[in-house]
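These protein sequences, in sequence, are chains E and U. Following this note's numbering, the numbering of the first sequence begins with 82 at its first residue and continues without gaps. Following this note's numbering, the numbering of the second sequence begins with 25 at its first residue and continues without gaps.
Hint data in this document are derived by calculation from the structure and do not stem from the laboratory. Think of the CB as a built atom: it goes at the ideal place given N, C-alpha and C, for glycine as much as any other residue. Check before you lean on any hint, since a few could be wrong.
Listed next, with one range per pair, are the computed distances between beta-carbon atoms [stated by the list, open to error]:
#1 U:Gln93 with E:Arg96: 39 to 45 Å
#2 U:Gly74 with E:Arg96: 35 to 41 Å
#3 U:Leu129 with E:Tyr132: 52 to 58 Å
#4 U:Leu86 with E:Tyr132: 54 to 60 Å
#5 E:Arg96 with U:Lys161: 26 to 32 Å
#6 E:Gly112 with U:Val152: 57 to 63 Å
#7 U:Val152 with E:Ser122: 28 to 34 Å
#8 E:Asp139 with U:Arg82: 29 to 35 Å
#9 U:Asn110 with E:Ala102: 21 to 27 Å
#10 E:Arg118 with U:Tyr157: 43 to 49 Å
#11 E:Ala102 with U:Leu86: 52 to 58 Å
#12 U:Lys94 with E:Leu124: 32 to 38 Å
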Amino acid sequence: MRNRLEALRRERGIRQEELAAALEVSRQTIGSLENGRYNPSILLAFKIAKYFGVRIEDVFIFEEETK
Amino acid sequence: MKKGLYTTLAVGGLILAAAGLIALKMGAAPDGFLQVLCYVAIGCGCGAFGHGMGELLRYRALKNAPDVQKQLEIERTDERNVAVGNRAKSAAFDAMLYIYAALNLALAMMQADLAVVLLLVFAYLLVVGLSIYYRCKFEKIM
Chain E
82 MRNRLEALRR ERGIRQEELA AALEVSRQTI GSLENGRYNP SILLAFKIAK
132 YFGVRIEDVF IFEEETK
Chain U
25 MKKGLYTTLA VGGLILAAAG LIALKMGAAP DGFLQVLCYV AIGCGCGAFG
75 HGMGELLRYR ALKNAPDVQK QLEIERTDER NVAVGNRAKS AAFDAMLYIY
125 AALNLALAMM QADLAVVLLL VFAYLLVVGL SIYYRCKFEK IM
């Protein structure tokens, strides 16, 4: 799953630390999400979407695995 | 409330360790079960004192730093940190099953006392049984 978290954050000029504090997660979690190393829980995904005022699908892009 | 509990633990631990040490030095327990009890009292006392004192110092250090306290709470409950911890525990458990089995085999080949081998076998089976129990439990609630 890809995501547009870094792009959305940069658009709004927010630092990782600020976003982490607003979402009540660690800064490392934000870094891992942006790098695509970690997929968030549905709860955190909703919190992120709500924070940026967009839909979940606008932040997280589901990619079906090709066989 | 918690401060009182940790103070009790630290003071109780200190008393227990001191009592064990004094009893041992004064020769109140020359040998046998009482001597073992003294060593157990010293061990448990030191553990309780260390844990209680550590928590008290932590409480004192964080008392006037609510921002640090909040950050620590965030780090503790952070979903990625929890997931990382659970994954590490899971990997360690998988490794433990092989280590236990190897240890059992080694002890049996060394012709160790049957009681020791059987105790290890029961401990191994208990751990496997607990893993099955929790699997069934989580199947129901998840």
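State the violated hints by number, sorted upward, taking the hints as numbered earlier in the document. 1, 4, 5, 6, 8, 10, 11 and 12
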